[in-house]
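Participant: Could you slot chain B onto chain A? The hints should help.
Protein sequences appear in the order of chains A and B.
If you read the first sequence in my numbering, its first letter stands for residue 1, the second for the next number, and so on.
If you read the second sequence in my numbering, its first letter stands for residue 1, the second for the next number, and so on.
FYI, nobody ran anything at the bench for these hints, they're computed from the structure.
Glycine is no exception: its CB is placed at the ideal position from the N, C-alpha and C atoms.
It cannot be assumed that every hint is accurate.
The following residues of chain A were derived to be distant from chain B, with all beta-carbon distances above 12 Å [claimed, not checked]:
1) GLY128
2) LEU132
3) PHE139
4) MET177
5) SER184
6) ILE185
7) ALA194
Estimated spans, in silico, between C-beta atoms of each pair [what the hints assert, rightly or not]:
8) B:ASP83 x A:GLN217: 14 to 22 Å
9) A:PRO33 x B:ASP134: 50 to 58 Å
10) B:THR87 x A:LEU137: 37 to 45 Å
11) B:LEU43 x A:LYS126: 37 to 45 Å
Covered stretches of chain B (in silico footprint by chain A; criterion: 3 or more residues with CB under 8 Å from a CB of chain A, positions within the stretch not fixed) [claimed, not checked]:
12) 77-89
13) 95-102
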Amino acid sequence: MIQRMLIILVLILMGFGIIPLVWGLQDAETVSPVSQYYVSQGADDLGAANLVTAVVVSYRGLDTLGEVAVLFTATAGAAMLLGLGADNSKRKQQHQQASEKPGNHMAESEAQPKKQERREGSELLKTGAAFLFPLLLVFGVYIFIHGHLTPGGGFQGGVVIASGLVLLLLSESDRPMRKTLLHSIESLSGAAYAAVGLMGLWLAAGFLDPRFLPAGQFGSLFSAGAIPVIYSLIGLKVGSELTGVIDSLRRRSS
Amino acid sequence: MTGDTGAMPQGTLLQNLTAGMHITQVMAVIGFILILLGLWGILTRKHIIRMIISFSILDSGIHLIMVGLGYTRNGTAPIFDGDLSITDALGRVVDPIPSALVLTAIVIGIAVTALMLSYAVRLYKAYRSLSIDDIKEMKW
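Just chain A, same shape as in the assembly (with noise of 0.2 Å):
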């Protein structure tokens, strides 16, 4: 209880320190400096009609590689943290071993008896799922085709295309994933996303320059040089990870 009260009186403390960072708070007139370089010549330098995108790829390029790189760590993280659990109840399993935890090991015990089917997907989800996932699907490689040109992009397109997948294994739990083509996408998409980077580096002013593929006609969808190149690539890798994730998830808590 004192410690309920407690927290309250510093999150409203919290509270009242924020008052004065808000209070004064306006409308900025003008974009910061740095953004007018990109708002006024962004679209003659790249060929980008959006500007996010502009800025994501290219003019920040390297920090989009590393968010790349930290949502593979995270994916992988995740992969070896629920597959390891794995490895280890198949080894308790073999060896018969009493485990280090007795707690543990009578969790284990218990885990397995209880260990049900899981329910089958309803005719509606199964239906939908079936009818929305090609649908999702070139929804979600239109929104990263079309990054350039319009609101959305790699990541958002891939978010879309996953969510597709994550309706397909919802409706029917035991379909198997083909992890290998999972993988096997997911690994070269990367592979190739630093490849155009080297490519920039060699062909034009320098990592990730996306202007060794021709500018072409402002506003077209083959425009901005190798932007939707690297958005496609992204997309690829964000869809294919994200499915990753939600399938080690389902293997592991059932």
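Facilitator: Only chain B this time, still in chain A's reference frame:
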């Protein structure tokens, strides 16, 4: 907004509440409320999944504040099309950098949430419970 004929109490309430406030300010207030709510949830909840949800709420609050700071008065999305030409863009668009940063932050947030959820699955497998009260080894 669109005349006083219709019954639209929601719009007027929101208008009354935010009268005279800047959009950046409104976004910052909502964002800080979400941050405090998330912190409260993280500190008081005992259920691990609820703590993870609280973390996500905190995350959304931070994103809202960052996007709000990039707003410029009467600004529009920094995407060139028929309505926004390159020459007159400078005074009319919002700052693209906070949007790009928030895009990055959202993805990192998803990655962190996925990692936390896998820890939750591991903890559940080890202790058969998601309440932090049942995890005695973590007490100090």
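Participant: If a hint holds in the structure, say so; if it does not, say that too.
Facilitator: Verification of the supplied hints:
no.: 1; hint: GLY128; result: holds (24 Å)
no.: 2; hint: LEU132; result: holds (21 Å)
no.: 3; hint: PHE139; result: holds (19 Å)
no.: 4; hint: MET177; result: holds (16 Å)
no.: 5; hint: SER184; result: holds (21 Å)
no.: 6; hint: ILE185; result: holds (18 Å)
no.: 7; hint: ALA194; result: holds (18 Å)
no.: 8; hint: B:ASP83 x A:GLN217: 14 to 22 Å; result: holds (19 Å)
no.: 9; hint: A:PRO33 x B:ASP134: 50 to 58 Å; result: holds (54 Å)
no.: 10; hint: B:THR87 x A:LEU137: 37 to 45 Å; result: holds (39 Å)
no.: 11; hint: B:LEU43 x A:LYS126: 37 to 45 Å; result: holds (42 Å)
no.: 12; hint: 77-89; result: holds (count 7)
no.: 13; hint: 95-102; result: holds (count 5)
Going through the hint list in order, the structure satisfies each hint without exception.
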